[in-house]
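Trainee: These are the residues of each chain, in order.
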Amino acid sequence: GEDVEQSLFLSVREGDSSVINCTYTDSSSTYLYWYKQEPGAGLQLLTYIFSNMDMKQDQRLTVLLNKKDKHLSLRIADTQTGDSAIYFCAETYKGGGNKLTFGTGTQLKVEL
Amino acid sequence: EAGVAQSPRYKIIEKRQSVAFWCNPISGHATLYWYQQILGQGPKLLIQFQNNGVVDDSQLPKDRFSAERLKGVDSTLKIQPAKLEDSAVYLCASSWRGSDTQYFGPGTRLTVL
Numbered sequence: 075g076e077d078v079e080q081s082l083f084l085s086v087r088e089g090d091s092s093v094i095n096c097t098y099t100d101s102s103s104t105y106l107y108w109y110k111q112e113p114g115a116g117l118q119l120l121t122y123i124f125s126n127m128d129m130k131q132d133q134r135l136t137v138l139l140n141k142k143d144k145h146l147s148l149r150i151a152d153t154q155t156g157d158s159a160i161y162f163c164a165e166t167y168k169g170g171g172n173k174l175t176f177g178t179g180t181q182l183k184v185e186l
Numbered sequence: 227e228a229g230v231a232q233s234p235r236y237k238i239i240e241k242r243q244s245v246a247f248w249c250n251p252i253s254g255h256a257t258l259y260w261y262q263q264i265l266g267q268g269p270k271l272l273i274q275f276q277n278n279g280v281v282d283d284s285q286l287p288k289d290r291f292s293a294e295r296l297k298g299v300d301s302t303l304k305i306q307p308a309k310l311e312d313s314a315v316y317l318c319a320s321s322w323r324g325s326d327t328q329y330f331g332p333g334t335r336l337t338v339l
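The listed protein sequences correspond, in order, to chains L and R.
Here the first sequence is numbered in our numbering, starting from 75 and rising by one per residue.
Here the second sequence is numbered in our numbering, starting from 227 and rising by one per residue.
The following block holds chain L by itself, in its conformation from the complex (with noise of 0.2 Å):
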């Protein structure tokens, strides 16, 4: 079945770029999408890949998609602490309709 895998913690420094790397075993995805999920709070839609393209830049946000290993990444430019939450990578993919697999979540923290 579907499995997406992340690092659980990642601490940078404010200014900084942060990358949060994510791989997944479903050859067939179809998007591939990032959450935010800050304390006591639902999942905010950040940005999202459909799984033909190799990169989406939004802002500060740059999607990097290796289809041949598998390897999804989200890089934050100029980090700020008002980005320190937790990250989620998902999938869709096809045959499973509009479910969306997710992994574990990244932790970032932002230090001054």
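Derived from the structure by calculation, the hints contain no laboratory data.
Hints are not guaranteed to be accurate.
Stated by the list, open to error - Listed next, the in silico DSSO-like pairs over lysine-lysine satisfying Cα-Cα at most 30 Å (straight line):
1. L:K110 <-> R:K237
2. L:K144 <-> R:K270
3. L:K183 <-> L:K130
What the hints assert, rightly or not - Covered by chain R, according to a simulated footprint, are these stretches of chain L (three or more residues, beta-carbon under 8 Å):
4. 114-120
5. 158-168
6. 174-181
C-beta atoms are modelled at their ideal positions from N, C-alpha and C, and glycine is treated no differently.
Fit chain R to the known structure of chain L by using the hints.
Mentor: For chain R alone, kept in the frame of chain L given last:
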């Protein structure tokens, strides 16, 4: 545009009691999802509705969980009776018909004592 609304935001009950959660999706969104997020994990789909019909309930523990979306808009998720392991955040999401992009509500945090 209003987002996905959920209530209550927090609920504490004792095991074997019943509880119900309510969700109002974004206006016009035909597809509605309920997810369970256990502490330290990513959300897992419980049930998916298209209008008032069930599309996928394969991960719903049907001996104790039930959900309905009678008029194709609001939805309720019920647990009866609750177990300790049901302690989690229950997230509702919605999307346009045929779209993969889902928008989430703030969630209901359930604690079962």
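Trainee: If you count the residues of the region 158-168 of chain L with a beta-carbon closer than 8 Å to a beta-carbon of chain R, do you get 3 or more?
Mentor: With 3 residues closer than 8 Å to chain R, the region 158-168 of chain L meets the three-residue bar; holds.
Trainee: Does K183 (chain L) pair with K130 (chain L) here, judged by a C-alpha cut-off of 30 Å?
Mentor: 24 Å, holds
Trainee: Does K270 (chain R) sit within 30 Å of K144 (chain L), going by the straight-line distance between their CA atoms?
Mentor: 21 Å, holds
Trainee: Holds or violated: are the alpha carbons of K110 (chain L) and K237 (chain R) at most 30 Å from each other?
Mentor: 23 Å, holds
Trainee: Examine the region 114-120 of chain L for residues whose CB is less than 8 Å from any CB of chain R, and state whether their number is three or more.
Mentor: Since three or more residues must qualify, the claim that chain R covers the region 114-120 of chain L holds, with 6 doing so at under 8 Å.
Trainee: Against chain R, does the region 174-181 of chain L show at least 3 residues with beta-carbon separation below 8 Å?
Mentor: With 5 residues in contact (Cβ-Cβ under 8 Å with chain R), the coverage given for the region 174-181 of chain L holds.
Comparing the model with each numbered hint stated earlier shows that all of them hold.
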